[in-house]
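This is what each chain is made of:
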Amino acid sequence: MRLRRLMSLIASNLRVAWLRAVLATVGIVVGTGLLTFFLGMGQGLREKVLEKIFPVNQLELEARAVQIFGTEQVLGQEPLDEARVRQVAAMPGVLRAFGKQKSSFPARLWGGKELLGYNLFTEAFFDGVPAATLRSELEAFEDVAAKRKSQPGRKTARCEVDLDCPAGMGCQDGQCAPIVWADRFTESADVVLPCSAGDPCPARLTCSDGRCADASAKTAPLRCLLPAAADTGRDLQFDLEVGVLAERCASAGGWCGTANTTCGEGRYCAADNPDSRVGWCESPLPAVLNPLLLEVFNSDMARSLGAAPIGSLAVLYGVRFHVALGDSYFSKDADKARQQFKQAQVVGFSRKAPELGVALPREVVRHFNARLKGPAAAAAYDAILLDTASNEKVPYVIVEAEKLGLQLSRKSRAARTFGTVVLVTSLALMLLAAVVLLVAGVQIAQTFAMLVHERRREIAVLRALGAARLDVAILVLGEAAAIGVCGGLVGALSAYGIAGAVDLAASRWLADVPLVPHGFFVFPPWSLPLAVTVAVACTILGALGPARRAMRLDPAAVLAEG
Amino acid sequence: MTARLAIDASHLTRTFSSEGKPVHALVDVSLQVYAGEHVAIVGKSGAGKSTLLNLIGALDRGYAGELKVFGQHLKALPDRALSQFRNRQIGFIFQAFNLLPNLSVGENVLLPASFGVDLDHRQLRHRAHQLLDDFGLGDRFGQMPTQMSGGERQRVAIARALLLRPPILVCDEPTGSLDTQTASHILQVLKDIQHQHGTALVVVTHDPAVAAAAGRIIALDKGRVVSSDDYPVARSSP
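Residue numbers (my numbering), protein chains in the order written: chain G, 1 to 562; chain Z, 1001 to 1238.
Where hints are given, some of them may not hold.
[Unchecked claim] If the Cβ cut is set under 10 Å, some of the chain Z residues that face chain G in the computed set are:
no. : residue
1   : V1023
2   : V1027
3   : L1055
4   : N1098
5   : Q1123
6   : R1160
To be clear, the hints were calculated from the coordinates, so they are not data collected in a lab. Note that the Cβ used here is the ideal one computed from N, Cα and C, for glycine as well.
Input sequences plus hints: build the corresponding full structure.
Now the structure itself:
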């Protein structure tokens, strides 16, 4: 039968039986609507919640622990050292693995005045992660590719310091260039690590003049002198911006300040210890935050502090805060001679950073663990972070890790549980949609059985005029497919609409709830074709029986009925 | 010149099953119809007239015996080929018109073109207009059949049957639903077609006047061909 003629016949048949067609479509609309809705919700929860809080292909492994009186204890395990990291990295399905060392010393943190108008104070927790492992994520959050792309076309000015350059640009090799914050998160950051006979330096450095020095470095850090608090009337713990370059005093062997020459733009004078007026000029510690921190702050926290929400991550780049390493608001852990007051600066965001802490270059954390808690605290990693090649590799990697005496960290276990809950719930809801579609298919079968019975004379006439059995079947199935296409389209579009309404309501009513995503639904581009295909499959399956009956109809017998 | 043999049936028997018992609708029927011939099939109700018409019209293949239409053994054809054969060789005209109510007059007339292959559809559309013009329905192309009288609907049905110029027209009580005047007009239309196009007309009828218009009468009784002399119509025919 000609396609155009077939379409015309289908249209005219459906036009005549429009009410029955509409009623038959209702089930399909509801079924495909539910299917699309739950598909979008499942995908949304995975992408917008699960991936945001617990990236599925990232795992955190710890030494296997046993439950003793309700607490997890690690007993008699090999330490998590570089050898174990290499073992994990060599497992099939693992893209890369690296050791993470948490700070085992107390620390406190304060800052935020330049952003909020006043300082916030908190205990601080640090994760030391190898700088290279965060690189791609830092660049992605900062959109470094776009920055670099815009660079060649811009006229660059000569400069000596960052201040010579326009906003958003820094001085790089004597020319102004867009600041790439990700570049600043390096293990060889311009940070002075204090040392002494008992505090060894990282492997590539040697202890010289009370600091870990790189023999190959072209320039050595400069000594600086802080004013006595009484001289300035300022509390130096809150203001480390002051200080002048220092040189050995000719007479007493101590350090004397030079006339008003500061450490220079971007650097500050970091005292050797809280009681010392002498320090080293250095750059702030490069700090990486978890993007979830902003959401946590913007929810109830900002309101309870009376602060305005922070608009985007972008405004946090370059923000400085102060850290007191070895000090605590709750206890005085390390003696003051070993404590260090330093500045830190936000240089990027990563989901590998702790949700309520700060990621620092691993060597920095390792160094201060050793300095403040002893060499044993710096000897082993606390966890091994790894990226799998794909989500499908995760179960296999977990099994392999268990053979190495490792287990998923509490965070990763929670991620797996949440992921399973999302998956099972999505599947259960989609099963519900499948049941609705099954019922709709039965409804279609009944409707078409009735339509075929009513049209048997028309079918017999078509057969007399030259329609083959297959033509008749195609006509019936074509009508079913048309109902399926309409039902699938309306169902899917309704699901999109309802999902949009739910997202709108959530953005209005749940804006203050932390970690609630900006929308619960993600509809893959194939969701519409899928909905239509499923709907058409249901209607065609439902109409198969009636089409078969129509095919087998004996035209001579029907026409003889009179 | 000898006319071409259009229908050649020999020893046709058609048996149905009713409540498990065989019912012989046709028994050992043999007949020949030539191209351009007008044959009336007459008989009482249940005599097997419509059964014979369905066999000739290639709608029913459950017979025993041999049936050839233009030399083609119908029984041997698969469904698709048989449907094409029906489409191109046979035109059906029914007592109840059997127009599709949800299609317009024009669409009904063009319906056989939907199932034919290798057709010039533009030309067929022109022919549909022409046929309707010839039957005085030129301005009714877009109308729905429900808006027409019985005679008009039958003329539309005849136009539909003639669209693809079939060499055989099988007509089952073509005037059965029409008043005398309209029936007479339809009969004239059929005669004209027979004469103009050399179409073989096989008409099943109860109407003595319709039977009388045929060149030959085949009478059936209890599924068998009987002498047409026994049938009153034959005696009254001119």
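So, going through the hints one by one against the coordinates:
| no. | hint | result |
| --- | --- | --- |
| 1 | V1023 | violated, 13 Å |
| 2 | V1027 | violated, 18 Å |
| 3 | L1055 | holds, 8 Å |
| 4 | N1098 | holds, 5 Å |
| 5 | Q1123 | violated, 15 Å |
| 6 | R1160 | holds, 7 Å |
Checked against the numbered hints given earlier, this structure breaks hints 1, 2, 5; the rest are met.
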